[in-house]
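When we follow my numbering, the leftmost residue of the sequence shown carries the number 1, and every step to the right adds one.
Any given hint could turn out to be false.
Have a look at the derived ranges for each label pair, beta carbon to beta carbon [to be verified]:
hint, residue 1, residue 2, range
1, Y243, D82, 15 to 25 Å
2, D219, G197, 28 to 38 Å
3, W143, Q23, 49 to 59 Å
4, D219, Q61, 35 to 45 Å
5, K106, R236, 31 to 41 Å
6, D196, F71, 28 to 38 Å
7, E159, R52, 17 to 27 Å
FYI, nobody ran anything at the bench for these hints, they're computed from the structure.
Where is the CB? At the ideal position from N, CA and C, for every residue including glycine.
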Amino acid sequence: MSFIDVLKRFRGDDLVRAVARRQSEQLREINERLERIEKALSVRASSAAPLRSTIDRDAWQGAAQSGELSFHKGNAGFRGQDEVWQAAVDTDWRAAGFSPEGWAGKTILDVGAGSRLRSLWFQGAEVLVLEPLADRFRAEVEWCDLDRAQEVYSVPGEEFVPELAGRADLVVSINALDHGYDIAQSIRNIRGYLKDGGEAFLSFDMHFQPDEMHPLVLDNEMMLKIYAESGFEVVRHEPARRYHGTDGPGAFHYWLKPVPAAVPRQR
Numbered sequence: 001m002s003f004i005d006v007l008k009r010f011r012g013d014d015l016v017r018a019v020a021r022r023q024s025e026q027l028r029e030i031n032e033r034l035e036r037i038e039k040a041l042s043v044r045a046s047s048a049a050p051l052r053s054t055i056d057r058d059a060w061q062g063a064a065q066s067g068e069l070s071f072h073k074g075n076a077g078f079r080g081q082d083e084v085w086q087a088a089v090d091t092d093w094r095a096a097g098f099s100p101e102g103w104a105g106k107t108i109l110d111v112g113a114g115s116r117l118r119s120l121w122f123q124g125a126e127v128l129v130l131e132p133l134a135d136r137f138r139a140e141v142e143w144c145d146l147d148r149a150q151e152v153y154s155v156p157g158e159e160f161v162p163e164l165a166g167r168a169d170l171v172v173s174i175n176a177l178d179h180g181y182d183i184a185q186s187i188r189n190i191r192g193y194l195k196d197g198g199e200a201f202l203s204f205d206m207h208f209q210p211d212e213m214h215p216l217v218l219d220n221e222m223m224l225k226i227y228a229e230s231g232f233e234v235v236r237h238e239p240a241r242r243y244h245g246t247d248g249p250g251a252f253h254y255w256l257k258p259v260p261a262a263v264p265r266q267r
C-alpha cells in the first residue's frame, strides 16, 4: 500500500491533495536545481580555457604585477578603510575556524600578503611575510602595514627563501596563489617553510578564463594532485566565497598538514 493510499484511509482526500501538491512542488524545485547545475557545468565545459598551473615568469612580471600594484593603490574603499577591513578580516578568519588567540607564541608565515596584513589578526604571533610587491607597496600604498611584521621578504612565492626554511608553525595564503606564475613550486616551497607538525591554510579563486591578474587556470582536482606530490596531506577542503577576477567556480579553502619525510631503514 502506498503512502498516498494510507493517507486516504486515515485522513481523507483533502490531506492527500495537500501532500501530493507539496510533493509536486518539491520535485519541481529539485528539477530546477538540477537544470541550473547542468547549465553551469555546460558553460564550464564550453567556455573554460585549458588548465594551466604555470606561465612564463617574464610575462607574469610585466602584466600581472603591474595590475596588482595598480589594484592595491586604488583599493582605498576596502583596505584603506580600517573598520571595513577589520570586519572583513575577522569574518573570514572565524569562518575558516580560527581564533585570534589560537596561535599566540607561534610563527605565522603570510604568503602573498598583499598591501595590508590579514595575519595581524592573530594576537601574540610572530608574523613573517612573503610578498613579491612588498617593497613597492611600502613605498607607494598609503595604508600599507607590512612594516608591522617581524620580517618581510619582497620575493614571489615561487622563489624559495632559505631564511624561512622550517620556521613556520602556520602558513597562510589568502587570495594570492592564483595570482602567481607557478603554483606547484609555491606549494613545494610552503612545504619547506613549515616546521614538523606545522599546518597550512590556503584559499584562492579558480577561474574559467585567465586575465592579467589571474593568469593561471586551476581546478580542485589539479590542486589535490599538486598537494599530494608536494608532500601534503589534505586534512579538509571546501568551496568558499569568491574573491574577484573572471568567472569561475569561486574560491576553495584547503587545510593542509605536511606528510612526515620517510626515514631510511637501518640495514
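Hints versus structure:
{"no.": "1", "hint": "Y243 / D82: 15 to 25 Å", "result": "20 Å, holds"}
{"no.": "2", "hint": "D219 / G197: 28 to 38 Å", "result": "30 Å, holds"}
{"no.": "3", "hint": "W143 / Q23: 49 to 59 Å", "result": "56 Å, holds"}
{"no.": "4", "hint": "D219 / Q61: 35 to 45 Å", "result": "25 Å, violated"}
{"no.": "5", "hint": "K106 / R236: 31 to 41 Å", "result": "20 Å, violated"}
{"no.": "6", "hint": "D196 / F71: 28 to 38 Å", "result": "37 Å, holds"}
{"no.": "7", "hint": "E159 / R52: 17 to 27 Å", "result": "20 Å, holds"}
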